[in-house]
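For chain F, the structure is supplied; the task is to place chain A on it using the hints.
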Amino acid sequence: MSINYLSSNLIRLLCKLSFSIVFAIIINHYLLLTNLYWVLLPAILVSLPTRGSQLRKGFIFLIILLAIVIAVQFFVPISLQDRAIDIMLGVTIGIWSQFIWPINLAKEFRADILPILQAMIHYLEAMITDFSHDTHAKNIFEKKVTLEKLLTKRKIYPEWIFSSGFNPGLRAGFRFFLIRLDQVIELLLILNYQLHRQRKHDIDPPVLDFIIKSLHINVEILLMLVKYFKHNQINNTQSDYASDIAALEKSFWQMLPGNLELLDLAEEFLVLAALIRNVKDTRGCLLKLANALPEPEG
Amino acid sequence: MKLASKCWASKGTKKNLFNIGDGKQACDLFAIVLDYAQLRHRVGDHTVFGICHLELLSIQQAINKMISDLIADSLTPPQDNVLLEKIDRFEEIYQNVLRVTAPDPLVFVLFIDSLKMFGGNMKYVSF
Chain F
1 MSINYLSSNL IRLLCKLSFS IVFAIIINHY LLLTNLYWVL LPAILVSLPT
51 RGSQLRKGFI FLIILLAIVI AVQFFVPISL QDRAIDIMLG VTIGIWSQFI
101 WPINLAKEFR ADILPILQAM IHYLEAMITD FSHDTHAKNI FEKKVTLEKL
151 LTKRKIYPEW IFSSGFNPGL RAGFRFFLIR LDQVIELLLI LNYQLHRQRK
201 HDIDPPVLDF IIKSLHINVE ILLMLVKYFK HNQINNTQSD YASDIAALEK
251 SFWQMLPGNL ELLDLAEEFL VLAALIRNVK DTRGCLLKLA NALPEPEG
Chain A
1001 MKLASKCWAS KGTKKNLFNI GDGKQACDLF AIVLDYAQLR HRVGDHTVFG
1051 ICHLELLSIQ QAINKMISDL IADSLTPPQD NVLLEKIDRF EEIYQNVLRV
1101 TAPDPLVFVL FIDSLKMFGG NMKYVSF
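Going down the list, the sequences are from chains F and A. Going letter by letter, the first sequence gives residues 1 to 298 in the numbering used here. Going letter by letter, the second sequence gives residues 1001 to 1127 in the numbering used here.
The following block holds chain F by itself, in its conformation from the complex (with noise of 0.2 Å):
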């Protein structure tokens, strides 16, 4: 897959390199004043593969490149209003290029989604397994590691939705997705602390049972969500997936006093009332990510 992943790139890059240069070398043979050099340079350096940013990446060089012939100008006899000319034929180059083989953003997002989501799984599964056994998982801090470095790796976290220039009609949507993926991370890097926290306190096997179970929910809405992006397909689901975490919390509340203030004095509680909301916050957040995706395609 990966393999594909970089050939595409290389094919698209050089798809468009190849129509910069021989579209330059046309122009350099009709309009004889130009120099070819001048216009290559600026139509390479803009037709680079870049996502949804083309405008702006070829003002961006453009004022570059002609600052650099201002200040050459004093040191090397040349026309000025040449150079100018010619950097702008290759800035408007590098930027029609860019309509050649576009980057697919969805398809881009989803590939770089995908082993992010996976990994998140991975992680909440060994959490839950470790719970519910009772039993010291040892590939916890394995998957924790690998999440740890997909999140890491610029080559795979979708850093490029925050960059500026970014498409703004699909931002918005992008950006979306990916602030809330990041807090569920946030939250599950928390449930792990407070997993273990809990492992101390005795818990009753009630309430035991409704946060495995709804742990195990949240799994399934990741489930889906990998299912969305791998085979653009949503699962028909008969839970409604909120009855379980309002019998999560009736539980815990029937466990409770009325009174809020006895949380401070019982830690056990404490404990339990900060898992029963990570569990539940996970949840909002991932039901606002399942809300959030578009209708299937076809």
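No lab work stands behind these hints: they were computed from the structure. Glycine is no exception: its CB is placed at the ideal position from the N, C-alpha and C atoms. Hints may be right or wrong, so weigh each one.
Unchecked claim - Simulated pairs of lysine-lysine, BS3-like, Cα-Cα distance not exceeding 30 Å:
#1 149(F) to 1024(A)
#2 153(F) to 1024(A)
#3 1024(A) to 1116(A)
#4 1116(A) to 250(F)
#5 213(F) to 1123(A)
What the hints assert, rightly or not - Now the stretches of chain A that chain F is said to cover, found in silico as 3 or more residues with beta-carbon under 8 Å:
#6 1080-1087
#7 1106-1112
Below, chain A without anything else, positioned relative to chain F:
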């Protein structure tokens, strides 16, 4: 792994800066920081923060100072007295005002608990 092996190699010397136990503490500390930071998502009505703005700022300063102290003198665990004092002040505001005015007071109880855990855990994180 590289870090762990490096620490293992320097075990027993004065240059023993880090061990696996401290690494676990640092992970827990990171989780606690993320936990108390959830307050911004959990409080839907941000005008509530106007009531406790100064207290939150003083807590932020106390946390920053603890972390700066830890960086400056990594062998001595930072003192959490100032932070605990600020948390007490925030707790007073919670008891007198937030408990009644905030739509979901439980989030502030969890926030206070998380801050206390942060102060407690900082004592054990030394490099």
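Status of the hints after comparison with the structure:
1. 149(F) to 1024(A): Holds, at roughly 18 Å.
2. 153(F) to 1024(A): 23 Å, holds
3. 1024(A) to 1116(A): The given pair, whose Cα atoms are some 18 Å apart, holds under the 30 Å limit.
4. 1116(A) to 250(F): 27 Å, holds
5. 213(F) to 1123(A): 36 Å, violated
6. 1080-1087: violated (count 0)
7. 1106-1112: holds (count 4)
The earlier numbered hints that this structure contradicts are 5, 6.
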